[in-house]
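Engineer: Sequence:
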Amino acid sequence: MTIISLPGSSGYLNPTEITGKKVTYFSNRYVLGLTLTAGIGGLLFGYDTGVISGALLYIKDDFPVVNNNNFLQETIVSMAIFGAIIGAAVGGWLNDAHGRKKATLIADVIFAVGSVVMAAAPDPYVLIFGRLLVGLGIGAASVTAPVYIAEASPSEIRGGLVSTNVLMITGGQFLSYLVNLAFTEVPGTWRWMLGVSGVPAVVQFILMLFLPESPRWLYMKNEKSEAIAVLSKIYDPDRLEVEVDLLSAALEEETLSKNSVKYTDVFKSKEIRLAFLAGAGLQAFQQFTGINTVMYYSPTIVQMAGFTSNKLALLLSLIVAGMNAIGTVLGIILIDRFGRRRLALTSLFGVVLSLIVLSGAFFLQSSQSFSEICEAYFLNGGCKRGSGWFAIAGLVLYIAFFSPGMGPVPWAVNSEIYPGKYRGVCGGMSATVNWVSNLIVAQSFLSIAAAVGTASTVLILVGVAVIAIFFVLAFVPETKGLSFEQVERLWKERAWGSGYETESLLENGSNRNGI
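In my numbering, the protein residues as written are 1 to 515.
It is worth saying that the hints were derived from the structure and are not from the lab.
Warning: the hint list may mix true and false statements.
[What the hints assert, rightly or not] Result set (DSS-like, lysine-lysine): computed pairs, CA atoms no more than 27 Å apart in a straight line: (1) Lys221 to Lys233; (2) Lys492 to Lys421; (3) Lys101 to Lys221; (4) Lys233 to Lys60; (5) Lys60 to Lys102; (6) Lys60 to Lys421; (7) Lys101 to Lys262; (8) Lys421 to Lys233; (9) Lys224 to Lys270; (10) Lys262 to Lys421; (11) Lys270 to Lys102; (12) Lys101 to Lys233; (13) Lys262 to Lys492; (14) Lys101 to Lys492; (15) Lys262 to Lys60; (16) Lys60 to Lys268; (17) Lys60 to Lys221; (18) Lys270 to Lys233; (19) Lys224 to Lys60; (20) Lys492 to Lys268; (21) Lys102 to Lys221; (22) Lys492 to Lys480; (23) Lys270 to Lys101; (24) Lys233 to Lys492; (25) Lys60 to Lys101; (26) Lys421 to Lys268; (27) Lys421 to Lys221; (28) Lys60 to Lys480; (29) Lys224 to Lys262; (30) Lys102 to Lys421.
[Stated by the list, open to error] Simulated DEER-style distance windows between Cβ atoms: (31) Val126 to Ile448: 42 to 48 Å; (32) Arg337 to Ser232: 36 to 42 Å; (33) Ile86 to Leu209: 49 to 55 Å; (34) Leu209 to Leu178: 24 to 30 Å; (35) Thr184 to Gly453: 36 to 42 Å; (36) Leu178 to Gly497: 49 to 55 Å; (37) Arg337 to Asn69: 16 to 22 Å; (38) Ile440 to Ala182: 17 to 23 Å; (39) Thr24 to Leu178: 30 to 36 Å; (40) Ala182 to Asn70: 35 to 41 Å.
Bear in mind that the values here come from a model prediction, so they are computed numbers and not experimental data.
In this text, a Cβ means the ideal position worked out from N, Cα and C, and glycines have one as well.
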């Protein structure tokens, strides 16, 4: 069967348009197994994000030097992010050169070693080194898992399956708060919290040994028989023939161009620049709109709101993490129905609203005139509790809007918008942008809050979210339900206009004739 290329924005026919058969989320257990196993990388990512927020409360108790130093607290949190920046950058190359499976196995080993180092740390500085190792593993996993899932997923459910990785991230955060609460009364509290994070890495390592390499990566490396064997477990015979033809066309196109891709090549092609701008921009705005400020520091934020008990702060943060996981499930349901772009915009509008509520709560709490009114009417204690609950409401509202949209959308979009030979490199670069942005936020939040006040710090996030809305409107196209080949066509048309194909055919014809 030959895949027909049609003029217009749709480019290659979608496989489901040819076969008339669609795959659902639960119709193929093999795909679901691949997705859940790869998603353990997301679980590691989420667990570490959440667990450090609770562990930090007890690390400060064990190490007085940490308790008296905001910069050291921020470094303990952000050193994992610094490691993730390196891990993501190297992970992109590792994915393209050695495959998604090997990259995952390497990430698991590094993460497991880092968790042991953290649990055994005799001082804050060894703990920081352990955080660096864990970060390297998380960074590599954050690149690998979405790409591995996307390349094994039918196009009609690709967004939802990639979003399952984000569900694993939010599920890991929720699990971390449960673990934090479970170990509050156990000697060596924070050591247990950080040490058990190595268990999922070991589990994933064992499971990945029995799973195949990405079929798309295998095909592009000319290991066609192995790729087809994997694809045959995903698609029925009619759909399999279509998918193999699409891969064959993609391989032929890549063969005509350079075989290897350097990081600098991303900026030489206009369509790849546009795709990377959209992908990296979404990753940056995901962080600068404050999600990991909330997740890393939610117990601290709760205490800022007036709830001083460590245990109560963790319990209220557990509610926030639970909302995050529930919202991600909603995102999985909506992303392939509602679309990536519309979901991101709806999410951002809600984020703006909820951050204004959160900022207002902190403003009321810090307002001298508000305190004087409370004291005048003998309501000071009630006012403080009221503004504290107002802040909790803002946190929950923020998560309710963020988690279905800006949580999964950046990862889903980045797993599907790049051509095959650029997917690992661009995915790694955009994930690096995510982690750099994450580092900036984590390393600066407490210091900025101390300098200008928590209310003003949250208002800065409001401004960023407004800018993000305009960015999505201008630079992020809709990719719902499109094949990889259709998405590639979309970027070429954005870069060169609808007439690019005719020019390309003429150029190829000239090359074949020796002109």
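Engineer: All the hints need checking, so say for each whether the structure fits it.
Structural biologist: Verification of the supplied hints:
Taking the CA atoms of Lys221 and Lys233, the gap is about 20 Å. The hint holds against a cut of 27 Å. Proposed proximity of Lys492 and Lys421 is supported: the alpha carbons are some 15 Å apart, at most 27 Å. Restraint check for Lys101 and Lys221: the C-alpha separation of about 14 Å stays at or below 27 Å, so the hint holds. For a cut-off of 27 Å, the pair hint linking Lys233 to Lys60 is broken: about 51 Å separates their Cα positions.
Distance hint between Lys60 and Lys102 is unfulfilled; the C-alpha atoms sit about 38 Å from each other, more than 27 Å. For the hint linking Lys60 to Lys421, the alpha-carbon distance of about 46 Å lies beyond 27 Å, and the restraint is violated. Taking the CA atoms of Lys101 and Lys262, the gap is about 21 Å. The hint holds against a cut of 27 Å. Annotation: proposed proximity of Lys421 to Lys233 holds, straight-line Cα distance about 24 Å (limit 27 Å).
Taking the CA atoms of Lys224 and Lys270, the gap is near 31 Å; set against the 27 Å cutoff, the hint is violated. A hinted pair counts as satisfied when its Cα atoms are at most 27 Å apart, and Lys262 with Lys421 qualifies at roughly 10 Å. Only pairs whose Cα atoms come within 27 Å are accepted, and Lys270 paired with Lys102 is rejected, the gap being roughly 31 Å. For a cut-off of 27 Å, the pair hint linking Lys101 to Lys233 stands: about 18 Å separates their Cα positions.
Under the criterion of a C-alpha separation no larger than 27 Å, the hint pairing Lys262 with Lys492 is consistent with the structure, at around 20 Å. As the CA atoms of Lys101 and Lys492 are separated by approximately 30 Å, the hinted pair breaks the 27 Å bound. In summary, the hint linking Lys262 to Lys60 is not supported, as the alpha carbons are separated by about 44 Å, beyond the 27 Å threshold. Taking the CA atoms of Lys60 and Lys268, the gap is near 48 Å; set against the 27 Å cutoff, the hint is violated.
Taking the CA atoms of Lys60 and Lys221, the gap is about 50 Å. The hint is violated against a cut of 27 Å. Distance restraint check for Lys270 and Lys233: the Cα-Cα separation of roughly 37 Å exceeds the 27 Å cut-off, and the hinted pair is therefore not satisfied. In summary, the hint linking Lys224 to Lys60 is not supported, as the alpha carbons are separated by about 55 Å, beyond the 27 Å threshold. Among the hinted pairs, Lys492 with Lys268 is consistent with the structure: their alpha-carbon atoms are about 14 Å apart, no more than 27 Å.
In summary, the hint linking Lys102 to Lys221 is supported, as the alpha carbons are separated by about 15 Å, within the 27 Å threshold. Straight-line distance between C-alpha atoms of Lys492 and Lys480 comes to about 17 Å, which keeps the hinted pair within the 27 Å bound. A C-alpha spacing of about 31 Å is found between Lys270 and Lys101, which places the hinted pair above 27 Å, so the restraint is violated. For a cut-off of 27 Å, the pair hint linking Lys233 to Lys492 is broken: about 32 Å separates their Cα positions.
Of the pairs offered as hints, the one joining Lys60 and Lys101 is violated, with about 38 Å between alpha carbons and a cut-off of 27 Å exceeded. Between Lys421 and Lys268, the direct Cα distance comes to roughly 14 Å. Compliance with the 27 Å bound is thereby established for this hinted pair. Distance restraint check for Lys421 and Lys221: the Cα-Cα separation of roughly 10 Å lies within the 27 Å cut-off, and the hinted pair is therefore satisfied. Of the pairs offered as hints, the one joining Lys60 and Lys480 is violated, with about 46 Å between alpha carbons and a cut-off of 27 Å exceeded.
Pair hint Lys224 plus Lys262 holds up; C-alpha atoms about 25 Å apart against a cutoff of 27 Å. Distance hint between Lys102 and Lys421 is fulfilled; the C-alpha atoms sit about 18 Å from each other, no more than 27 Å. Checking the proposed 42 to 48 Å range against Val126 and Ile448 shows it is violated: the Cβ atoms sit about 28 Å from each other. For Arg337 and Ser232, the Cβ-Cβ distance of about 28 Å falls outside the hinted range of 36 to 42 Å, so the restraint is violated.
Against the hinted window of 49 to 55 Å, the Cβ-Cβ separation of Ile86 and Leu209 comes to about 26 Å, which falls outside the hint. Distance hint for Leu209 and Leu178: a CB-CB separation of about 28 Å, consistent with the stated range 24 to 30 Å. The supplied range of 36 to 42 Å is broken by Thr184 and Gly453, whose beta-carbon atoms lie about 30 Å from each other. Checked against the hint of 49 to 55 Å, the pair Leu178 and Gly497 passes, with Cβ atoms roughly 53 Å apart.
The given range of 16 to 22 Å is broken by Arg337 and Asn69, whose C-beta atoms sit roughly 48 Å from each other. In this structure, Ile440 and Ala182 break the distance hint of 17 to 23 Å, their C-beta atoms being roughly 32 Å apart. At roughly 31 Å, the beta-carbon separation of Thr24 and Leu178 lies within the given 30 to 36 Å, and the hint holds. The supplied range of 35 to 41 Å is broken by Ala182 and Asn70, whose beta-carbon atoms lie about 28 Å from each other.
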